[in-house]
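Asker: Each chain, letter by letter, is given below.
There are 2 protein chains.
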Amino acid sequence: MAKLDASGFLIDLDGTVFRGQELIDGAAEAIHTLQSLGKSVVFLSNRGNLSRAMCRKKLLGAGIRTDERSIVLSSSVTASFLKKHYPLSKVWVLGEKGLTDELALAGVAMAQKPQAADWLVISLHETVTYEDLNLAFKAASSGARIIATNRDRSFPNEGGHAMDVAGMIGAIEASAGAKTELVIGKPSWLMAEAACKALGLPPGECAIIGDSLESDIAMGRLYGMKSVLVLTGSAKLGEPRLYEPDIVLGSIKDLTELAKEGILL
Amino acid sequence: MAKLDASGFLIDLDGTVFRGQELIDGAAEAIHTLQSLGKSVVFLSNRGNLSRAMCRKKLLGAGIRTDERSIVLSSSVTASFLKKHYPLSKVWVLGEKGLTDELALAGVAMAQKPQAADWLVISLHETVTYEDLNLAFKAASSGARIIATNRDRSFPNEGGHAMDVAGMIGAIEASAGAKTELVIGKPSWLMAEAACKALGLPPGECAIIGDSLESDIAMGRLYGMKSVLVLTGSAKLGEPRLYEPDIVLGSIKDLTELAKEGILL
Numbered sequence: 001m002a003k004l005d006a007s008g009f010l011i012d013l014d015g016t017v018f019r020g021q022e023l024i025d026g027a028a029e030a031i032h033t034l035q036s037l038g039k040s041v042v043f044l045s046n047r048g049n050l051s052r053a054m055c056r057k058k059l060l061g062a063g064i065r066t067d068e069r070s071i072v073l074s075s076s077v078t079a080s081f082l083k084k085h086y087p088l089s090k091v092w093v094l095g096e097k098g099l100t101d102e103l104a105l106a107g108v109a110m111a112q113k114p115q116a117a118d119w120l121v122i123s124l125h126e127t128v129t130y131e132d133l134n135l136a137f138k139a140a141s142s143g144a145r146i147i148a149t150n151r152d153r154s155f156p157n158e159g160g161h162a163m164d165v166a167g168m169i170g171a172i173e174a175s176a177g178a179k180t181e182l183v184i185g186k187p188s189w190l191m192a193e194a195a196c197k198a199l200g201l202p203p204g205e206c207a208i209i210g211d212s213l214e215s216d217i218a219m220g221r222l223y224g225m226k227s228v229l230v231l232t233g234s235a236k237l238g239e240p241r242l243y244e245p246d247i248v249l250g251s252i253k254d255l256t257e258l259a260k261e262g263i264l265l
Numbered sequence: 001m002a003k004l005d006a007s008g009f010l011i012d013l014d015g016t017v018f019r020g021q022e023l024i025d026g027a028a029e030a031i032h033t034l035q036s037l038g039k040s041v042v043f044l045s046n047r048g049n050l051s052r053a054m055c056r057k058k059l060l061g062a063g064i065r066t067d068e069r070s071i072v073l074s075s076s077v078t079a080s081f082l083k084k085h086y087p088l089s090k091v092w093v094l095g096e097k098g099l100t101d102e103l104a105l106a107g108v109a110m111a112q113k114p115q116a117a118d119w120l121v122i123s124l125h126e127t128v129t130y131e132d133l134n135l136a137f138k139a140a141s142s143g144a145r146i147i148a149t150n151r152d153r154s155f156p157n158e159g160g161h162a163m164d165v166a167g168m169i170g171a172i173e174a175s176a177g178a179k180t181e182l183v184i185g186k187p188s189w190l191m192a193e194a195a196c197k198a199l200g201l202p203p204g205e206c207a208i209i210g211d212s213l214e215s216d217i218a219m220g221r222l223y224g225m226k227s228v229l230v231l232t233g234s235a236k237l238g239e240p241r242l243y244e245p246d247i248v249l250g251s252i253k254d255l256t257e258l259a260k261e262g263i264l265l
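Going line by line, the protein sequences match chains Z and V. Everything in the first sequence is counted per the working numbering, starting at 1 for the first residue and increasing by one. Everything in the second sequence is counted per the working numbering, starting at 1 for the first residue and increasing by one.
Everything labelled a hint here was simulated from the structure, so no lab data went into it. Check the hints yourself; a few may be wrong.
Heads up, the list lumps identical chains together, so a pair's fine if it works in one copy or across two of them.
As the list claims (entries may be wrong) - Using 30 Å as the maximum straight-line C-alpha spacing, the simulated DSBU-like pairs for lysine-lysine come out as follows:
id, residue 1, residue 2
1, K179, K236
2, K236, K113
3, K84, K253
4, K3, K57
5, K113, K253
6, K236, K3
Remember, predicted model here, so these are calculated numbers, not experimental data.
Just need the whole structure built from these sequences, with the hints factored in.
Answerer: Here it is, written out as structure tokens:
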């Protein structure tokens, strides 16, 4: 197996560290191993309905110690993006509390009514109602530009697969005759840049570990990081790959063994 | 003004007879005039969330007498279509009681779970929840074909315009990666044929009265009926018209005057 020499690790969450609410076997130990080897670790996820505080709490609950500066979510990156590039804009949100928390933390201004919004921010909304959809429709119909935290079509849950952000986006685009201008989530350079900034390292010294070929492995290849595919989530052995990872592991758990074997430098 | 000689009249409802819950001034008298001249009248609407029974009740409440055989809705035409052409199919519904009532009346079988549905029927759903959307997503993801009662993007309500069926369709198509196979509403030949059958007249002896160029006037021209545009709804004077109506009236009310002048034969 090729040596995996990296100073910083970007670790995906859903499908890599967690499966739903459940911690993947051996994940906490593997992360401890990285930390004890002096590696810098950030967690990054396309989840746009969570805040970093909610995410940190979940990690701590699973025995993984981290701080909020080491968590990069599509919600927090969306908030930073809007604050940096559109500081005077007012936004309307079709999404959940984790997203509005991050927008508030970044100091993004909320529109008082949908018709007054410059941007409509769309994320996963697992308790969406017709009223929520209709207010977002009004924002988009009144000319608000659309930014989405991510565009995943479905996510795995207890009942199999459930409708993800693509459903929310589709409802608004089709009814308002509008198009989403920007999707923040992996594999975007915005997510990669936020993660490298949190690590304080250039991409060439980083490795991304994730279960998704389209988002994790693609981001590694597109942004010049090493990439490690784990098979505990969406990717399966033997399927065609548009982007080839540097290393394939059955699970993030295997990192502990690789460290013992000296493959992890 | 050209003579309007027709034995049967197809009368649109929203924007022609009603504006929301309110009866358009003079509409009931105009319909009585047609009936007293011995004209056959059917009401037809793209509303897929209502049943004919609900619609008849609304008409009676406004002083317009009719029976359910003289009401043609995209809900009832969808139900007849499925029963006639796919008699053994099981359906899952993303829609409201008016639609499920019509499907039950026609004898269309319901699937016990979304994964078992042959067809997903999508209509307006003004109290839709994430759970409803997610079940429909499961049906479409499991291979159910999609039929929509109509595909209007928005409809006028008290708060301006509200998200219509296109939003429900967009949510499912975008998340399940599926396409709607058939849209039943006007200007389809299915609606035209159902209306002519209810009148017992060929299209050439019928006239359609409606406020929409895209659905009412288009259906008249495409199906060989005379067409009368009223300006109490979506169409405005002076806008470009893909389909030109035979006669333009300010309101359906004007029919009463035309009858006196002998223009209505």
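Asker: Does each hint fit the structure? Answer for all of them.
Answerer: Verification of the hints:
Taking the shortest Cα distances, K179 and K236 sit within 30 Å of each other only across copies (27 Å), while inside one copy they are farther apart (32 Å). For a Cα distance limit of 30 Å, the shortest separation of K236 from K113 across copies, 28 Å, qualifies, whereas the shortest one inside one copy, 45 Å, does not. In this assembly of identical chains, the alpha carbons of K84 and K253 never lie at most 30 Å apart, being 38 Å within a copy and 57 Å across copies at closest. Proximity of K3 to K57 under the C-alpha cut-off of 30 Å is found in neither arrangement, the shortest distances being 33 Å within a copy and 76 Å between copies.
For the homomeric pair K113 and K253, neither the shortest alpha-carbon distance inside one copy (48 Å) nor that between copies (38 Å) is at most 30 Å. For a Cα distance limit of 30 Å, the shortest separation of K236 from K3 inside one copy, 23 Å, qualifies, whereas the shortest one across copies, 70 Å, does not.
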